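Now for the letters of each chain:
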Amino acid sequence: MKYIVTIVLLVILSIYNAVFAQPYYPKTDNEVLEQLPARGESWFEIRSLRKMVESNPGDLPKVLNLVRRYIELGRAESDPRYYGYAEALLTPWMQTAHPNAEVLTLRATLYQNRHEFPAALDNLSQALRQQPRLAQAWLTRALIQEVQGNYAAALNSCLPLLKLASPLTARVCINSTLSLSGQIDLAYQQLNQAVQIAQAEAPQERQWALIALAEIAERKGNIAAAEQHYQQAFQLDQRNGYLLATYTDFLLDHKRYAEVIKLLQNETRADGLLLRLTMAEQQLKLPEADTHKETLKARFAASRMRGDSSHQGDEARFMLHLLNKPEPALELARKNWSVQREPRDARILLEAALASGRANHAAQPTLEFLVKSRLQDARLQPLIDQFKRIKS
Amino acid sequence: MSRITLMAILVFASFSAMAHKPSDSYLALTVESNAIRGQWDIALRDLDYAMGLDANDDGNITWAELRGRKEAVYAYAFNKLEISVNQQNCPLKPTDILVDEHSDGHYAVLNFQAACLAESQQLSVAYRLFFDIDAQHRGLLKLTRNERTDTAIFSPDRKQVEFALNSVRKPWQELLNFAYEGVWHIWIGFDHILFLLSLLLPAALVRENSSWRPKQNVSRTFWDVLAVVTAFTLAHSITLSLAALGYIALPTRWVESAIAASVALAALNNIYPVFVHRRTWFAFSFGLIHGMGIASVLLDMGLPDGQRVLSLLGFNLGVEAGQLVIVSIALPLITWFSQYRYYPALVMKLGSAGIVTIALVWLAERSLDFQMNIF
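Note that the protein sequences, when read in sequence, are chains A and B. No gaps in the numbering here: position 262 of the first sequence is 262 in our numbering, and each next residue is one more. No gaps in the numbering here: position 319 of the second sequence is 319 in our numbering, and each next residue is one more.
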């Protein structure tokens with residue numbers, strides 16, 4: 001035990017030493033040390049908003065406006081620093097006896113971004129107690145409950161959206177929940193209809209619906225339909241990191257590695273996308289795979305060093321499929337499973353459990369969950385069958 | 001604010017596609033005899049967001065822009081950091097500002113000194129950099145003293161950490177710590193145990209006319225074992241000390257191979273007796289080699305300056321204690337079973353054959369430097 005502790009400490013220390021590289025004196029005064037990001041229109045707008053908020057910190061509408069701008073920018077640039085700025089702006093407003101419902105909802109969004117789901121749900125129910133007609137709070141709550149695998153609760157949170165939000169939003173919410181809890185054919189049919197009707201809705205909303213539809217088709221094992229819906233989603237031309245991730249997972253499953261590389265070649269900044277790119281490169285035995293593996297290793301280490309655990313699912317896939325280390329992969333997948341329970345979370349856990357040879361014991365809770373929730377997934381079925389063979 | 005835009009933020013609850021790292025700063029403190037030396041790496045981007053470094057507003061931070069604001073940067077940072085020793089605040093003095101590159105961009109490297117007395121007991125670090133403007137900022141602290149390193153993470157929920165400075169320096173704790181390592185090393189070092197066991201297996205027997213028979217006198221067994229164990233201990237203590245203090249050094253591969261060979265020879269001697277009456281000398285001469293093997297662990301751990309002899313003593317006592325436990329368990333069993341007729345053939349020879357096999361695998365692995373993954 002003591003030796004394991006020593007080894008872990010040494011590893012941490014060597015990471016530290018890598019982080020503490022050699023400081024230097026720049027050679028000339030004009031040497032550019034750092035290029036500041038996001039200097040576009042939106043940044044100057046944000047800067048003037050920030051000045052206004054600084055001079056008048058009690059103006060809640062302006063504060064909320066700035067918070068939303070930061071969250072948008074954080075999403076557009078995939079940069080978590082902006083979420084940190086947003087959170088700091090909300091902190092004083094959270095310290096009152098009865099925080100405002102919108103403050104609570106935005107705070108929940110930030111929790112959710114870091115996969116701190118219980119804290120997010122707590123804020124959302126406080127918000128809904130104050131303002132039961134807050135559509136955003138219902139939707140966020142439904143999505144978190146769905147990710148947690150709490151489908152009955154998610155469905156209950158979706159229902160108020162029928163009155164409070166657009167028909168398409170409500171239908172996507174309801175049918176993705178249904179599709180995970182034993183009614184996949186009905187859900188696919190209903191959502192497909194809703195998408196056909198809602199041609200006039202905003203592109204982002206339609207893209208969301210199409211991605212949900214594609215994922216349901218994939219779970220049904222209807223590969224042609226999934227491909228078609230993914231293509232439709234891409235045609236809406238909204239840059240969307242999640243679409244890239246879920247579609248490249250689909251491509252990886254069908255050994256279409258060259259297409260993955262073509263899509264993700266310039267997406268090395270986002271960890272989740274770099275992971276999928278590297279998996280494709282490894283399959284094609286490209287030399288880039290090795291450097292990308294090192295990059296991923298360093299990034300996972302850096303996020304672990306600051307105590308961040310929202311990457312555990314991806315890290316488990318990294319350990320299993322790229323480093324071929326089933327034991328740590330299983331450990332990460334189990335920790336990830338205790339936080340979120342989407343089909344892909346179940347999948348990496350089952351794969352890691354099978355690879356590590358400790359199959360039944362480690363995977364039992366997940367297998368029980370899959371039976372109980374009646375979740376159908378063509379990709380999980382072969383894994384479940386393998387477990388049955390081991391048992392019998 | 002449209003419902004749509006916000007919804008897009010929320011749709012993919014479980015996916016994190018963050019392309020950047022959140023904000024971190026790296027604070028390294030080194031406790032020296034008359035002061036604490038600090039190196040604080042803070043992202044230029046964060047400093048700019050907090051205090052506006054980009055003087056000409058062109059989106060680039062140049063060395064001139066950073067150097068021109070050196071005093072202001074130090075003042076801003078020092079206002080967010082308090083180092084105190086025994087509840088007394090240590091004044092922070094800037095030394096030199098440098099630049100360094102981390103995975104997410106360039107950082108200002110703030111070197112400084114905290115003037116504190118060294119004979120202090122307790123060090124406290126209070127950190128609140130950027131928490132007011134970025135709730136996701138973290139401060140990663142590395143504290144080094146007496147070749148020991150501690151780490152801590154500062155966050156808005158944990159703005160202060162305390163360290164007991166002198167705890168490692170207490171001599172008896174150092175002794176105990178090394179003694180524990182010594183015991184542990186003997187218990188997990190199977191080669192030493194097997195060597196000792198090979199020497200003990202025939203301890204309660206005498207060889208007469210090419211056959212083994214139990215000793216009549218238990219006290220003779222005891223004295224024999226005492227002689228063997230003492231010889232082994234004396235020998236490995238000598239080389240352990242010489243190697244740990246740096247007077248002798250042999251290649252690890254050579255030493256480890258010789259240890260494996262010694263185990264094989266000791267066990268073979270039970271099957272084809274050669275040194276029947278000279279087991280004490282046998283134990284002594286091979287003990288010299290085992291000592292060098294044991295020392296390699298100690299060298300890996302590193303002996304603390306100023307307490308080398310004490311740590312060595314502690315480690316050695318630990319090794320002897322661990323060995324004594326093994327002997328006191330094995331000896332009564334061996335003495336008891338030696339009375340039986342089947343013992344020489346079934347237990348001693350068969351057991352020794354097993355030990356020879358293991359030792360030969362070790363020997364092959366260690367001398368040829370490869371892994372068979374059998375034992």
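Hints may contain errors.
Stated by the list, open to error - With a straight-line Cα cutoff of 30 Å, these simulated BS3-like cross-link-like pairs (lysine-lysine) come out:
# : chain 1 : residue 1 : chain 2 : residue 2
1 : A       : Lys388    : A       : Lys372
2 : B       : Lys80     : A       : Lys62
3 : B       : Lys93     : B       : Lys80
4 : B       : Lys159    : A       : Lys27
5 : A       : Lys285    : B       : Lys21
6 : A       : Lys220    : A       : Lys62
Claimed, not checked - Stretch-level coverage of chain B by chain A, calculated; a stretch enters the list once three of its residues show a Cβ under 8 Å from a Cβ in chain A:
#  : region
7  : 44-56
8  : 63-72
9  : 131-140
10 : 255-261
11 : 269-281
What the hints assert, rightly or not - Some but not every residue of chain B turned toward chain A, in silico, with C-beta under 8 Å:
#  : residue
12 : Gly105
13 : Val109
14 : Ala353
Treat the hints as calculated values from the structure; they're not laboratory data. Note that this is a predicted model, so its numbers are computed, not measured. All C-beta atoms, glycine included, are put in the ideal place defined by N, C-alpha and C.
Status of the hints after comparison with the structure:
1. Between Lys388(A) and Lys372(A), the direct Cα distance comes to roughly 16 Å. Compliance with the 30 Å bound is thereby established for this hinted pair.
2. For the hint linking Lys80(B) to Lys62(A), the alpha-carbon distance of about 28 Å falls within 30 Å, and the restraint holds.
3. Using a Cα cut-off of 30 Å, the hinted pair Lys93(B) and Lys80(B) holds, with the two alpha carbons roughly 14 Å apart.
4. For the hint linking Lys159(B) to Lys27(A), the alpha-carbon distance of about 36 Å lies beyond 30 Å, and the restraint is violated.
5. Straight-line distance between C-alpha atoms of Lys285(A) and Lys21(B) comes to about 29 Å, which keeps the hinted pair within the 30 Å bound.
6. For a cut-off of 30 Å, the pair hint linking Lys220(A) to Lys62(A) is broken: about 46 Å separates their Cα positions.
7. For the region 44-56 of chain B, the stated coverage by chain A holds: 6 residues have a C-beta nearer than 8 Å to a C-beta of that chain, and at least 3 were required.
8. Remark: the region 63-72 of chain B is confirmed as covered by chain A, as 4 of its residues place a Cβ nearer than 8 Å to a Cβ of that chain, reaching the required three.
9. Counting residues of the region 131-140 of chain B whose CB falls under 8 Å from any CB of chain A gives 9; the rule of at least 3 is met.
10. Requiring three or more residues with a Cβ within less than 8 Å of a Cβ of chain A, the coverage given for the region 255-261 of chain B is violated, as only 0 such residues are present.
11. Look at the region 269-281 of chain B against chain A: 0 of its residues bring a Cβ nearer than 8 Å to a Cβ of that chain, fewer than three, so the hint is violated.
12. Among the interface hints, the one on Gly105(B) holds; its C-beta lies about 6 Å from the nearest C-beta in chain A, closer than the 8 Å criterion.
13. Satisfaction of the interface hint for Val109(B) is found here, the shortest Cβ-Cβ separation to chain A being roughly 4 Å, below the 8 Å cut-off.
14. A least Cβ separation of about 31 Å between Ala353(B) and chain A goes past the 8 Å threshold, and the interface hint is therefore violated.
In terms of the numbered hints stated before, the structure departs from hints 4, 6, 10, 11, 14, listed from lowest to highest.
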